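Chemist: Here are the chains, one letter per residue:
Number of protein chains: 2
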Amino acid sequence: MYPNDGFRELGRQECLRLMAKVPVGRIVFTRLALPAVLPVNFRLDADGAVLLRTAAASELVRAVDGAVVAFEADDVDAARQAGWSVVVTGPAAVVTDPAEHARLSRTGPVAWVPAPREVFVRIEPELVTGRELVGGRTLYGVNLAAKDG
Amino acid sequence: MYPNDGFRELGRQECLRLMAKVPVGRIVFTRLALPAVLPVNFRLDADGAVLLRTAAASELVRAVDGAVVAFEADDVDAARQAGWSVVVTGPAAVVTDPAEHARLSRTGPVAWVPAPREVFVRIEPELVTGRELVGGRTLYGVNLAAKDG
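Protein chains in written order, with the working numbering: chain A, 79 to 227; chain B, 79 to 227.
Worth flagging that the hints you see were computed from the coordinates, not collected in a lab.
Since the structure is predicted, the reported quantities are computational estimates derived from the model, not experimental observations.
A hint or two may mislead.
For identical chains, the list gives no copy identity; a pair is met inside one copy or between any two copies.
Claimed, not checked - No more than 25 Å apart at the CA atoms, straight line, and that leaves these computed lysine to any residue pairs for SDA-like:
1. 99 x 135
2. 99 x 210
3. 99 x 177
4. 99 x 175
5. 99 x 161
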């Protein structure tokens with residue numbers, strides 16, 4: 079609808095390359111039938127899956143295990159009105175396979191403060207979408223929305 | 079569950095004071111029955127409502143008008159493992175009152191790139207929650223999750 083709105087759609091590999099640059103994203107899920115969002119540090123697996131590490135007994139695990147979630151990361155320079163935003167959407171599940179848990183204990187995200195019993199949550203990258211905001215007089219945010227029209 | 083996890087719950091006024099410092103947040107909603115999240119620039123109204131400005135014909139408007147949404151803003155320094163995160167949850171609605179639209183045209187958020195026909199979306203601040211991450215060896219993200227346990 080707004081072909082010159084300053085946005086560039088990003089390909090899957092470009093999205094994952096950008097996401098890998100930032101340490102923190104935001105998991106979007108449903109809690110008590112309400113939309114919920116929680117910042118969380120993460121790491122990308124080789125196949126683009128989003129990996130989180132959290133307490134086994136956490137509310138987050140109860141809320142997202144087996145559910146489809148979105149995971150968003152961005153890097154925006156408001157002064158330049160430029161940056162990017164990537165969203166991975168797919169089912170989330172606690173990693174239960176012992177070998178996989180052991181692998182992620184070596185290569186997965188590290189808890190900034192350890193919990194007594196930790197699990198890894200894996201978000202399958204079924205849908206990976208992203209946009210680059212090219213800056214200048216082009217916008218941010220509002221145009222993200224306008225672009226959808 | 080983790081009383082010394084480095085988090086400090088923020089009061090409503092503190093949340094709104096922090097949110098007012100950043101130009102961009104993320105609206106969390108449901109699109110085609112899937113969780114969706116979109117960065118967007120915003121402004122806070124005097125009562126703490128989140129104000130967005132977008133194209134009347136946008137997909138965002140169709141998705142959120144009349145729905146309960148979450149709006150998240152944060153500012154995290156990963157190197158210091160410190161920062162804050164605030165979430166406003168409440169019903170979103172397009173502002174239809176002409177006088178209110180006129181007021182927001184003067185005082186509301188400014189589109190970084192104008193759309194042909196713009197509307198304001200107002201998110202009622204029914205629930206305002208936030209946390210400050212105090213830094214040091216305390217964590218981020220993973221502990222946000224652990225804190226929920």
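Chemist: Need the list of violated hint numbers for this structure, in ascending order.
Modeler: Structure breaks hints 1, 3, 4.
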